[in-house]
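If you use our numbering, the sequence shown corresponds to residues 1 to 178, in order.
No lab work stands behind these hints, which were simulated from the structure alone.
Fair warning: this is a prediction, and the values are worked out from it, not measured in the lab.
Ideal Cβ placement from N, Cα and C applies to all residues, glycine included.
Accuracy of the hints is not assured; some may be wrong.
Under the rule of at most 25 Å between Cα atoms (straight-line distance), these lysine-lysine pairs were calculated in the DSS-like manner [said to hold, decoys possible]:
#: 1; residue 1: Lys177; residue 2: Lys125
#: 2; residue 1: Lys22; residue 2: Lys125
#: 3; residue 1: Lys60; residue 2: Lys142
#: 4; residue 1: Lys167; residue 2: Lys60
#: 5; residue 1: Lys173; residue 2: Lys142
#: 6; residue 1: Lys22; residue 2: Lys60
#: 7; residue 1: Lys125; residue 2: Lys167
#: 8; residue 1: Lys130; residue 2: Lys142
#: 9; residue 1: Lys167; residue 2: Lys130
#: 10; residue 1: Lys173; residue 2: Lys60
#: 11; residue 1: Lys177; residue 2: Lys167
#: 12; residue 1: Lys60; residue 2: Lys130
#: 13; residue 1: Lys142; residue 2: Lys22
#: 14; residue 1: Lys67; residue 2: Lys22
#: 15; residue 1: Lys142; residue 2: Lys67
#: 16; residue 1: Lys142; residue 2: Lys167
#: 17; residue 1: Lys177; residue 2: Lys67
#: 18; residue 1: Lys125; residue 2: Lys60
#: 19; residue 1: Lys167; residue 2: Lys22
#: 20; residue 1: Lys125; residue 2: Lys173
#: 21; residue 1: Lys67; residue 2: Lys173
#: 22; residue 1: Lys67; residue 2: Lys125
#: 23; residue 1: Lys22; residue 2: Lys130
#: 24; residue 1: Lys167; residue 2: Lys67
#: 25; residue 1: Lys125; residue 2: Lys142
#: 26; residue 1: Lys142; residue 2: Lys177
Beta-carbon label-pair distances, calculated as ranges [said to hold, decoys possible]:
#: 27; residue 1: Lys22; residue 2: Asp91; range: 19 to 29 Å
#: 28; residue 1: Ser15; residue 2: Gln136; range: 13 to 23 Å
#: 29; residue 1: Gly132; residue 2: Asp91; range: 27 to 37 Å
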Amino acid sequence: MNTVHAFSLGSGNPSINVYVEKAPPLHALWGEMPLTGSHTPLINGDINAIGQAGGNGWRKVFNVYAKLLYALPEHSTLRPQGFATWQRYRDEALLQQASNAALYFGRHDLLTLADSGGIHIIAGKTHAQKLGIAEQCVWLDKDFARHPTLPIVICPYFDYRQLSNQKIDVLTKLMAKL
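Throw the hints in and build the complete structure from the sequences for me.
Here it is as structure tokens:
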């Protein structure tokens, strides 16, 4: 695993928490990687800069994250408000302090975090297995699983080919049940 420590980006008290294994090359932007256990809200321009430094894969992660939140029902308190498009939300608010969303890298105490509230989405079956949560979940099909008692969902990795628009719709329906 490229990530030797665990940290997160985004809101300090998020309702939507997404977990991926590897972090983008933040040292290329900030001169160093965030400290283990740290939590850093992004500011305007960071999403674009991370996409530039990390390549197309990171642009896809941010695009899928923004599309997912924007695909939530309009009445949902978790859906971003005040943005004409998901692209505007991505560029102007995603993973910033007021975004209500966070992105976690590396290994975290997922059960403790999930017990404290919010929705927790593990992006990728392999990462869920490494976190030790995959076997605790009920697999609904080959792509999606849900923890029986905690607000945890496992889904395909945040990439267009793996988490298509159709699968984003499935994920939003699972989120609505948590």
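To see whether the hints hold, each was checked on the structure:
1. For the hint linking Lys177 to Lys125, the alpha-carbon distance of about 20 Å falls within 25 Å, and the restraint holds.
2. With a CA separation close to 14 Å, the supplied pair Lys22 and Lys125 stays within the 25 Å bound.
3. Between Lys60 and Lys142 the alpha-carbon distance is near 22 Å, which keeps this suggested pair within the 25 Å criterion.
4. Distance check on the hinted pair: Lys167 and Lys60 sit about 15 Å apart at the alpha-carbon level, within 25 Å; holds.
5. With a CA separation close to 17 Å, the supplied pair Lys173 and Lys142 stays within the 25 Å bound.
6. Pair hint Lys22 plus Lys60 holds up; C-alpha atoms about 14 Å apart against a cutoff of 25 Å.
7. Under the criterion of a C-alpha separation no larger than 25 Å, the hint pairing Lys125 with Lys167 is consistent with the structure, at around 14 Å.
8. As the CA atoms of Lys130 and Lys142 are separated by approximately 17 Å, the hinted pair is consistent with the 25 Å bound.
9. With a C-alpha separation of about 23 Å, the suggested pair Lys167 and Lys130 falls inside the 25 Å cut-off, and the hint holds.
10. Of the supplied pair hints, the one linking Lys173 and Lys60 holds, its CA atoms being roughly 21 Å apart against a limit of 25 Å.
11. In summary, the hint linking Lys177 to Lys167 is supported, as the alpha carbons are separated by about 16 Å, within the 25 Å threshold.
12. Between Lys60 and Lys130 the CA atoms are separated by roughly 22 Å; this keeps the pair inside 25 Å, and the hint holds.
13. Annotation: proposed proximity of Lys142 to Lys22 holds, straight-line Cα distance about 22 Å (limit 25 Å).
14. Distance hint between Lys67 and Lys22 is fulfilled; the C-alpha atoms sit about 21 Å from each other, no more than 25 Å.
15. About 22 Å separates the Cα atoms of Lys142 and Lys67, which keeps this hinted pair within 25 Å; it holds.
16. Taking the CA atoms of Lys142 and Lys167, the gap is about 12 Å. The hint holds against a cut of 25 Å.
17. A C-alpha spacing of about 19 Å is found between Lys177 and Lys67, which places the hinted pair at or below 25 Å, so the restraint holds.
18. With a C-alpha separation of about 18 Å, the suggested pairing of Lys125 with Lys60 holds against the 25 Å cut-off.
19. A threshold of 25 Å between alpha carbons decides the hint, and for Lys167 with Lys22 the separation of about 22 Å falls inside it, so the pair holds.
20. The suggested pairing of Lys125 with Lys173 holds, with an alpha-carbon distance near 19 Å, which does not exceed 25 Å.
21. With a C-alpha separation of about 14 Å, the suggested pairing of Lys67 with Lys173 holds against the 25 Å cut-off.
22. For the proposed pair Lys67 and Lys125, the alpha carbon gap of about 20 Å is at most 25 Å, so the pair holds.
23. With a C-alpha separation of about 12 Å, the suggested pairing of Lys22 with Lys130 holds against the 25 Å cut-off.
24. Between Lys167 and Lys67 the alpha-carbon distance is near 11 Å, which keeps this suggested pair within the 25 Å criterion.
25. For the given pair, Lys125 sits about 9 Å from Lys142 by alpha-carbon distance, which is consistent with the 25 Å threshold.
26. Restraint check: the Cα-Cα separation between Lys142 and Lys177 comes to about 19 Å, which is no more than 25 Å; the hinted pair holds.
27. For Lys22 paired with Asp91, a C-beta distance near 23 Å keeps the hint of 19 to 29 Å intact.
28. About 22 Å separates the C-beta atoms of Ser15 and Gln136, a value consistent with the hinted range of 13 to 23 Å.
29. Range check, Gly132 to Asp91: Cβ separation about 35 Å, and the 27 to 37 Å hint holds.
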